[in-house]
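Engineer: Based on these hints, arrange chain B on the given structure of chain A.
Protein sequence lines, in the order shown, are assigned to chains A and B.
Note that the first sequence ends on residue 292 in our numbering; no numbers are left out.
Note that the second sequence ends on residue 513 in our numbering; no numbers are left out.
Any given hint could turn out to be false.
[To be verified] List time: in silico DSBU-like cross-link candidates among lysine-lysine, alpha-carbon distance up to 30 Å:
#1 B:Lys451 to A:Lys234
#2 A:Lys245 to B:Lys437
#3 B:Lys410 to A:Lys220
#4 A:Lys220 to B:Lys451
#5 B:Lys451 to A:Lys245
#6 A:Lys284 to B:Lys460
No lab work stands behind these hints, which were simulated from the structure alone.
Remember, it's a predicted structure, so these values are computed and weren't measured experimentally.
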Amino acid sequence: QKEVEQDPGPLSVPEGAIVSLNCTYSNSAFQYFMWYRQYSRKGPELLMYTYSSGNKEDGRFTAQVDKSSKYISLFIRDSQPSDSATYLCAMSVRRGGGADGLTFGKGTHLIIQP
Amino acid sequence: GAVVSQHPSWVICKSGTSVKIECRSLDFQATTMFWYRQFPKQSLMLMATSNEGSKATYEQGVEKDKFLINHASLTLSTLTVTSAHPEDSSFYICSAAELAGGGETQYFGPGTRLLVL
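So that you can see chain A by itself, here it is in the shape it has in the complex (with noise of 0.2 Å):
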């Protein structure tokens, strides 16, 4: 079993959707969790950041963590079709990665249809 599991679609919806990408991880040790965006041959860019159970609100992106579950969750409101890019999730054991990097998800290629 991997570390980190994500659909990696693609997932396609209409302009306007509420979109909802999911991660589920099996390391219980994982205490920080983090939502990238990542465009096509680009680097990764930072969306949300978190590290307790619970919802962090951000503009149109929600993040939910669910520890006892081992799930997180990003919620995009009023879907664009400029966030149509890849969402990677990724998770570490201390902040910022420490010594051991970040843990990645596969990431899920999102399609904002016009």
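Structural biologist: What follows is chain B alone, placed relative to chain A:
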């Protein structure tokens, strides 16, 4: 803030040559830098972790003599792919973290696409 640059953005080289990739943190001091590799449709895989002024720590399966990492200053790390072969063709991405200064996560560079012929 938290901008990380990489140079070059892409490189094509002949098999057997060496390629150097630079990673710079532009507006913060990165006490720790990470190098990742990403193959098409795959996730980012950590290659090595480097702290300024000390030797890099390599992940299992990554040859330290092939992938030379130097973190000479708090804003610059370099990755040199020595004697590159076609199987080394990949997307190399660095990230930087300001852990000592209380920074909480990593910021990524735009990546370097390497093609070895």
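Engineer: Each of the hints needs a verdict: does it hold here or not?
Structural biologist: Hint-by-hint comparison with the structure:
no., hint, result
1, B:Lys451 to A:Lys234, "37 Å, violated"
2, A:Lys245 to B:Lys437, "28 Å, holds"
3, B:Lys410 to A:Lys220, "24 Å, holds"
4, A:Lys220 to B:Lys451, "28 Å, holds"
5, B:Lys451 to A:Lys245, "35 Å, violated"
6, A:Lys284 to B:Lys460, "25 Å, holds"
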